[in-house]
Amino acid sequence: MSTVAVRVDDQLKDDATELFQSLGLDMSTAVKMFLIQSVKTQSIPFEIKNQSSVSDEEFQNLVETKLKGIRVKASDPESVNAFFGDEDFSEYEEYFK
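Oh and the sequence shown: position 22 is 22 in my numbering, straight run, nothing missing.
Certain hints may be false.
[Stated by the list, open to error] For each label pair, taking beta carbons as the anchor points, the in silico distance ranges come out as:
| id | residue 1 | residue 2 | range |
| --- | --- | --- | --- |
| 1 | 8 | 61 | 47 to 53 Å |
| 2 | 78 | 31 | 58 to 64 Å |
| 3 | 42 | 13 | 55 to 61 Å |
| 4 | 26 | 48 | 35 to 41 Å |
| 5 | 8 | 37 | 18 to 24 Å |
| 6 | 42 | 66 | 43 to 49 Å |
| 7 | 17 | 54 | 56 to 62 Å |
Since the hints were made in silico from the structure, they are not lab data. What you are looking at is a predicted structure, and each value in this text was computed from that prediction instead of being measured. Even for Gly, the Cβ is constructed at its ideal location relative to N, Cα and C.
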(Lines of atoms letter the chains of each structure in order from A and count residues from 1; the text may use other names and numbers.)
(Lines give C-alpha, C1' and ligand atoms only; values in the text may rest on other atoms or scores of the structure.)
Protein backbone atom coordinates (compact mmCIF):
# COMPACT_ATOMS: atom_id res chain seq x y z
CA MET A 1 0.00 0.00 0.00
CA SER A 2 1.23 3.50 -0.85
CA THR A 3 0.52 6.81 0.80
CA VAL A 4 -0.46 9.90 -1.18
CA ALA A 5 -0.14 13.30 0.52
CA VAL A 6 -1.89 16.35 -0.92
CA ARG A 7 -1.64 19.91 0.39
CA VAL A 8 -4.88 21.91 0.29
CA ASP A 9 -6.08 24.93 2.22
CA ASP A 10 -7.94 24.34 5.47
CA GLN A 11 -11.32 25.54 4.19
CA LEU A 12 -11.26 23.22 1.18
CA LYS A 13 -10.36 20.26 3.39
CA ASP A 14 -13.16 21.10 5.84
CA ASP A 15 -15.73 21.55 3.06
CA ALA A 16 -14.68 18.32 1.33
CA THR A 17 -14.69 16.37 4.62
CA GLU A 18 -18.21 17.62 5.38
CA LEU A 19 -19.42 16.68 1.90
CA PHE A 20 -17.85 13.23 1.96
CA GLN A 21 -19.22 12.53 5.45
CA SER A 22 -22.70 13.45 4.22
CA LEU A 23 -22.19 10.79 1.52
CA GLY A 24 -20.97 8.23 4.04
CA LEU A 25 -17.34 8.46 2.92
CA ASP A 26 -14.09 9.51 4.49
CA MET A 27 -11.44 11.55 2.66
CA SER A 28 -9.28 8.51 1.92
CA THR A 29 -12.15 6.57 0.34
CA ALA A 30 -13.25 9.55 -1.75
CA VAL A 31 -9.73 10.05 -3.10
CA LYS A 32 -9.41 6.31 -3.84
CA MET A 33 -12.71 6.45 -5.75
CA PHE A 34 -11.37 9.35 -7.83
CA LEU A 35 -8.13 7.50 -8.61
CA ILE A 36 -9.90 4.22 -9.46
CA GLN A 37 -12.36 5.96 -11.78
CA SER A 38 -9.54 7.94 -13.45
CA VAL A 39 -7.58 4.77 -14.19
CA LYS A 40 -10.69 2.85 -15.26
CA THR A 41 -11.80 5.51 -17.76
CA GLN A 42 -8.28 6.72 -18.62
CA SER A 43 -9.53 10.26 -18.05
CA ILE A 44 -10.40 12.79 -15.41
CA PRO A 45 -13.88 11.65 -14.34
CA PHE A 46 -15.44 15.08 -14.68
CA GLU A 47 -15.42 17.89 -17.23
CA ILE A 48 -12.64 20.45 -16.94
CA LYS A 49 -13.33 23.86 -18.44
CA ASN A 50 -11.51 27.12 -18.66
CA GLN A 51 -13.90 29.62 -17.11
CA SER A 52 -13.22 32.14 -19.83
CA SER A 53 -13.99 29.71 -22.62
CA VAL A 54 -16.86 30.34 -25.00
CA SER A 55 -19.49 27.65 -25.45
CA ASP A 56 -19.96 26.07 -28.87
CA GLU A 57 -23.32 27.82 -29.18
CA GLU A 58 -21.85 31.23 -28.29
CA PHE A 59 -19.01 30.68 -30.76
CA GLN A 60 -21.45 29.71 -33.52
CA ASN A 61 -23.56 32.81 -32.86
CA LEU A 62 -20.44 34.98 -32.96
CA VAL A 63 -19.33 33.46 -36.27
CA GLU A 64 -22.78 33.89 -37.82
CA THR A 65 -22.93 37.51 -36.67
CA LYS A 66 -19.53 38.27 -38.14
CA LEU A 67 -20.31 36.47 -41.40
CA LYS A 68 -23.35 38.68 -41.95
CA GLY A 69 -20.99 41.61 -42.17
CA ILE A 70 -21.49 45.17 -41.08
CA ARG A 71 -22.21 47.92 -43.54
CA VAL A 72 -20.35 51.12 -42.74
CA LYS A 73 -21.37 54.45 -44.19
CA ALA A 74 -18.29 56.65 -43.86
CA SER A 75 -20.34 59.86 -43.77
CA ASP A 76 -22.43 58.60 -40.83
CA PRO A 77 -20.55 58.90 -37.50
CA GLU A 78 -22.93 56.45 -35.78
CA SER A 79 -22.24 53.83 -38.44
CA VAL A 80 -18.48 54.32 -38.10
CA ASN A 81 -18.67 54.18 -34.27
CA ALA A 82 -20.75 51.00 -34.40
CA PHE A 83 -18.11 49.38 -36.58
CA PHE A 84 -15.03 50.46 -34.63
CA GLY A 85 -16.56 50.40 -31.14
CA ASP A 86 -14.36 51.97 -28.48
CA GLU A 87 -11.23 52.28 -30.60
CA ASP A 88 -9.66 55.75 -30.51
CA PHE A 89 -8.79 57.30 -33.86
CA SER A 90 -8.63 60.91 -32.64
CA GLU A 91 -5.32 61.47 -34.43
CA TYR A 92 -7.20 61.09 -37.75
CA GLU A 93 -10.15 63.41 -36.96
CA GLU A 94 -8.78 66.20 -39.14
CA TYR A 95 -9.20 63.98 -42.22
CA PHE A 96 -12.93 63.58 -41.58
CA LYS A 97 -13.91 67.24 -41.23
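The hints, checked one at a time:
no.	hint	verdict
1	8 <-> 61: 47 to 53 Å	violated, 38 Å
2	78 <-> 31: 58 to 64 Å	holds, 59 Å
3	42 <-> 13: 55 to 61 Å	violated, 28 Å
4	26 <-> 48: 35 to 41 Å	violated, 25 Å
5	8 <-> 37: 18 to 24 Å	holds, 20 Å
6	42 <-> 66: 43 to 49 Å	violated, 38 Å
7	17 <-> 54: 56 to 62 Å	violated, 35 Å
Violated hints for the displayed structure, listed by number in ascending order: 1, 3, 4, 6, 7.
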